[in-house]
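A.B. asks: Each chain, letter by letter, is given below.
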Amino acid sequence: MSVTTWTTHRGPLAQSASMAARSLASIKHQPAQLIDFVMIPMMILLSITFFMGGQMMGSWQDFLQYAGPSLIAMGLFFAITSTGLSLYGDIKDGVFDRLTAMPVSRFALLAGRVAADMVKHAWALLVVGGVAFAIGYRADGGGLGVAAAAGAVLLFLFASSWAMVLVGLTAKSEEQIQTWMVALLMPLAYTSSIFVEIETLPTAVQWWAEINPLTALGDSMRVFLDGGTPGGEVAALLGWSAAIIAVFVPLSLRAYRRKLTG
Amino acid sequence: MQHAIEVRGLKKAFGDVRALDGVDLSAPQGTVLGVLGPNGAGKTTAVRCLTTLTVPDSGTARVLGLDAVTQAAEVRARIGLTGQYAGLDPNLSGEQNLVLIARLLGASRSQAKNRAAELLERFELVHAATRAASKYSGGMRRRLDLAASIVRRPEVLFLDEPTTGLDPKSRGQLWELVRDLVAEGTTVLLTTQYLEEADQLADTIAVIDSGRVIASGVPSELKRMVGGLVLRMRPVNAEALPKLIDVADWTIDAKARGEDGEAIVPVSHAGEATAVMSRVSQAGIDLVAFGLDEPTLDEVFLTLTGHKAEAAQENQEVAA
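Chains as they are written, first to last, in my numbering: chain F, 117 to 378; chain V, 7 to 326.
So here's chain F without its partners, still in its complex pose:
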């Protein structure tokens, strides 16, 4: 056997890319993953628009125009659960034992998962956005506005995926991860401006709804899509995303050390 010496030094980002490619390559053997990512946002968009939209705004068409984009964002937000679930699965299968005993950046092992899931979120956004367009949604902000709104939602998904990384690393079971989704993500979504106006919420939660990161996301998307002038809501979104990353990346790395080298 030839003595193997590889002199190329690939840094954490290149290693992340390899890990992301690994995760995306598995789609070939498990194509259902692609449907999983689309399913939640699609069902939320269609069921709420058609079954509740008329009740809320008189006609479902008006409701779609008001709430469509933020409903898509909320559906994609719920889909970040899969980041926690797949990480949990990797650890349970022992895949990470070998990788952890290799000279590979810990950050890369986690970031690879997040990056791969971002590609799947982008795909889901494309599909569900296409459906929204097909049933009549129109953006006044034009192509640029749509692109900016998509960027806003992907940025927020990237940041909040790191919270799911922490959940995936610390959960004791898959059920626990599902419970986190219901216990944390849902209240977060329902106390935002995503599909109700804040004034209609109980006074006790209005102050929270104002600063809720999903309110910042929903409002930012509306501004971009309507062709308005970005302001405080976009600043709030950027601030939230930076804060979530600053908190959850270090916590995730610490949880990783405890879990796999405890």
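Some hints could be false.
As a list, the in silico BS3-like pairs of lysine-lysine whose alpha-carbon atoms are at most 27 Å apart [to be verified]: (1) Lys17(V) to Lys288(F); (2) Lys208(F) to Lys17(V); (3) Lys375(F) to Lys17(V); (4) Lys208(F) to Lys288(F); (5) Lys144(F) to Lys141(V); (6) Lys288(F) to Lys375(F); (7) Lys208(F) to Lys141(V); (8) Lys144(F) to Lys119(V); (9) Lys144(F) to Lys208(F); (10) Lys119(V) to Lys141(V); (11) Lys249(V) to Lys261(V); (12) Lys208(F) to Lys375(F).
Calculated directly from the structure, the hints in this document are not laboratory data.
Let chain F serve as the given structure and place chain V on it in line with the hints.
C.D. replies: Here is chain V on its own, set in the frame of chain F:
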């Protein structure tokens, strides 16, 4: 002499369970150290400490002179690990698994592809290169796992129960592959529950039970520790087995026991065996078969621990 593996007074507890209770191990470079013990003995924890995956409570684990805790990164660069649970991505093909590992270890795209092809060839997996690892048979998965742990030829290779659950043919194949690696100079630490496996592959064996090394040496030394020979007798009528054991015990005070319809009688020399045989004949017990054997490592284990290797299942292997 520079030891590739050097473990001193290693202790690790998980809650109340003392997985390692002061373990000492050593292996010179280029040799195979067999760590033999039942489930829950602490084998996996010892491997995890050496491969930087578990931080011990006290004691030291050194690999190639490097401390597995304080010099973990250097250790990782020079070892390979095949864990008890296959460390493969089940949704990737065999080739993709190997390419991923090569890429993570710094290979360029073409280097990674070449190395994967080389390993698939060597481990007889070319026909399954593009199939998902989840579709592999147990033996194929173990071979791929072993291939993955030598992508960048490690100086020390850790194999944690590499053949558990494999059929004899696949086990033999894996043994051959391990022997080849050793012939190329790789130091191997192998844990196993199979006494035959340790006997086949290891230069030295450490017998471990309840987190402690209870005996160590070359296989022949361990056999000598039990002393003497073993007389096996199989009665025609299985119901005569208890009486057969009584006769043997009465004749030479031998602590005979029954196993699978056979009486197993430790004797110190052939004369004792003859004495037992003649008493058995006088007692009118007919035998189908009998024989005088060197003790197997099973008997070594029984003598050393007072219980059978397979029976010690109360505390499960702690793999936290």
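A.B. asks: With reference to the structure, classify each hint as holding or not holding.
C.D. replies: Outcome of the hint check:
1. Lys17(V) to Lys288(F): holds, 26 Å
2. Lys208(F) to Lys17(V): The given pair, whose Cα atoms are some 25 Å apart, holds under the 27 Å limit.
3. Lys375(F) to Lys17(V): The hint holds at about 19 Å.
4. Lys208(F) to Lys288(F): Answer holds: Lys208(F) to Lys288(F) is near 10 Å, not above 27 Å.
5. Lys144(F) to Lys141(V): Roughly 14 Å separates the two Cα atoms, so the pair holds.
6. Lys288(F) to Lys375(F): holds, 11 Å
7. Lys208(F) to Lys141(V): holds, 19 Å
8. Lys144(F) to Lys119(V): holds, 19 Å
9. Lys144(F) to Lys208(F): holds, 22 Å
10. Lys119(V) to Lys141(V): Status holds; Cα separation ~21 Å.
11. Lys249(V) to Lys261(V): holds, 14 Å
12. Lys208(F) to Lys375(F): Between Lys208(F) and Lys375(F) the Cα gap is close to 11 Å, so the pair holds against 27 Å.
In terms of the numbered hints stated before, the structure departs from none.
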